[in-house]
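Engineer: Residue-level listing of the chains:
2 protein chains.
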Amino acid sequence: MLRHAAHHMNLLVVGSTAFDTIETPHAEAKRCLGGSSTYFALAARMFASVRLVSVVGQDFPTEHRSLLESRGIDLAGLESKPGKTFTWHGRYSADMNSRTTIDVQLNTFGDFQPKVPSKFRDSRFVFLANGAPATQMSVLSQVASPEFVVADTMDLWIERERDGLCALLKRINGLIVNDQEVKQLTGESNLIKAGKAVLAMGPSLVIVKKGEHGCFVFSPYFHYALPAYPTEKVLDPTGAGDSFAGGFMGYLASCDTISIWNMKRAVAYGTVAASLTVEAVGVDSIANADRATVERRYQDLLQFVTF
Amino acid sequence: MLRHAAHHMNLLVVGSTAFDTIETPHAEAKRCLGGSSTYFALAARMFASVRLVSVVGQDFPTEHRSLLESRGIDLAGLESKPGKTFTWHGRYSADMNSRTTIDVQLNTFGDFQPKVPSKFRDSRFVFLANGAPATQMSVLSQVASPEFVVADTMDLWIERERDGLCALLKRINGLIVNDQEVKQLTGESNLIKAGKAVLAMGPSLVIVKKGEHGCFVFSPYFHYALPAYPTEKVLDPTGAGDSFAGGFMGYLASCDTISIWNMKRAVAYGTVAASLTVEAVGVDSIANADRATVERRYQDLLQFVTF
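Chains as they are written, first to last, in my numbering: chain A, 1 to 307; chain B, 1 to 307.
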């Protein structure tokens with residue numbers, strides 16, 4: 001199932017667009033462009049044609065829209081609704097390994113019912129960013145014949161919408177979650193056991209993100225581990241996970257086949273994308289990255305892990 | 001300095017021998033053989049001739065001595081003194097990532113003044129297991145011309161014996177510490193910065209152990225990361241760090257040169273040794289491991305990290 005032709009490199013992402021107010025020990029920023037679909041798209045656009053489905057309010061400025069469009073991201077699915085854009089205000093701990101949400105205003109994102117434009121319905125690669133499982137499922141029903149679907153989720157849905165999440169897991173190819181989430185989802189504290197337990201729930205690929213410790217990848221065909229890119233300059237971890245997913249899905253969408261080796265390489269590209277994101281506050285670094293920078297870091301990472 | 005001939009594969013370890021009482025969520029054991037020198041030696045003996053310097057009391061049974069000797073470990077430096085052997089009683093948390101010391105009786109280890117037997121003084125590879133920096137330094141003065149010296153330390157010495165520790169760092173080739181210790185030693189919360197900061201303090205090799213997340217390796221010539229071996233069966237983490245050091249130093253002592261590639265391979269052998277230790281309570285697993293098992297796991301690990 002993992003090895004097949006991928007003739008289309010169109011990649012659909014459905015997720016949030018937000019204004020983020022961020023406090024870290026080293027930096028602060030007010031109402032900067034954020035959201036899962038934004039970080040994902042800005043990473044993925046370096047590899048593939050990205051189609052974005054999200055929602056904003058009428059306070060969403062033209063400049064943000066222009067930035068995304070200038071990076072080749074198709075915004076035909078970026079709905080503008082009466083009201084305000086989703087806002088999030090978070091504060092990171094001293095070591096930046098945890099964060100507190102100071103304030104959240106869902107606004108127009110609160111009742112987001114994603115509508116996949118008809119011209120996006122032939123998308124072959126689909127990333128369902130964190131959202132209610134029922135909403136994620138509704139996206140799937142609007143895509144004609146997706147080849148490779150990956151979803152993110154969070155503690156809220158694992159706790160409150162387990163049935164919907166379990167139904168979704170049977171319909172998708174891959175799940176990207178963090179270490180706490182995979183433990184919560186499976187009840188297993190050993191990450192290797194937890195990863196395998198998710199495979200038994202449906203997906204043929206499970207990526208467990210461990211922040212500064214990198215990630216584990218589980219499939220019935222291989223297991224794999226990659227450390228985080230060794231960056232000394234972590235300014236703002238916001239969006240690292242979505243950038244990782246964007247680099248991963250973008251690279252994979254650009255490949256001829258979804259082979260084990262292409263997946264492993266895709267995980268490395270995801271790791272590189274995340275490293276770029278954390279080196280600036282907000283989307284600045286990932287929005288301005290180019291493929292040459294990415295390739296240099298990819299080679300560094302290869303050196304870093306080869307023995 | 002890192003690349004030179006290593007004609008002698010004699011490896012000296014100086015550290016503790018103990019009776020451990022261990023409580024984990026999955027297992028319990030009373031007064032089993034433990035101690036840093038024991039775990040180190042049982043891992044290293046698979047690769048090199050190990051010479052052990054430690055101290056026990058008169059309650060130390062012949063069977064433990066026989067076990068170590070049957071594995072080819074030279075016990076000429078295992079001093080037996082009036083009184084009791086060091087005992088430790090610890091309890092691990094549910095996820096086994098932290099532990100509480102319930103009781104500690106230093107006994108004969110309390111005033112351990114290591115005496116390196118004259119026949120050990122030509123040792124070329126030396127591992128100074130966790131101990132007071134002054135004690136570690138006294139060992140160095142008893143070895144004629146060591147080629148490659150690696151030390152371990154802990155929070156207690158970083159806090160109370162910083163000057164002694166800093167003096168030691170200028171005399172050794174490598175330091176093996178965990179992530180908390182390297183942050184405490186350097187005041188850097190970013191592990192990459194912390195690792196580099198230790199290099200500036202003297203050693204040309206710093207290995208930062210991150211438990212289930214594997215390790216980082218820093219040198220002026222290369223940086224390197226390796227995940228932990230993906231074991232599902234973690235019964236007892238006691239001794240994992242010393243077994244890691246034993247696999248690392250043992251393999252390196254068996255090499256013709258201390259090259260970058262041999263050091264990277266040695267880190268992988270250390271990782272394999274640690275994975276064997278954690279799969280049983282006490283020393284059972286590492287004491288009974290053979291080189292063939294180690295080589296199989298080494299190949300697994302290579303697969304696990306190659307992209």
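To be clear, the hints were calculated from the coordinates, so they are not data collected in a lab.
Treat the hints loosely; a few may be bogus.
Identical copies carry no separate label here, and so any pair may be met within one copy or between two of them.
Unchecked claim - Below, in silico cross-link-like pairs of lysine-lysine (DSS-like), each with a Cα-Cα straight-line distance of 25 Å or less:
1) K183 - K84
2) K264 - K193
3) K233 - K196
4) K183 - K196
5) K233 - K193
Note that the structure is a prediction, hence the values are computed from the model and not measured.
Engineer: It remains to establish, for every hint, whether it holds in the given structure.
Structural biologist: Do the hints match the structure? See the list:
1. With identical chains, the CA atoms of K183 and K84 are never at most 25 Å apart, being 35 Å at best within one copy and 43 Å at best between copies.
2. Taking the shortest Cα distances, K264 and K193 sit within 25 Å of each other inside one copy (20 Å), while across copies they are farther apart (27 Å).
3. Taking the shortest alpha-carbon separations for K233 and K196, only the inter-copy value of 13 Å comes in at or below 25 Å, while the best intra-copy value is 33 Å.
4. With identical chains, the CA atoms of K183 and K196 are at most 25 Å apart within one copy only, with a shortest distance of 11 Å there and 33 Å across copies.
5. In this assembly of identical chains, the alpha carbons of K233 and K193 lie at most 25 Å apart only when taken from different copies (9 Å versus 33 Å within one copy).
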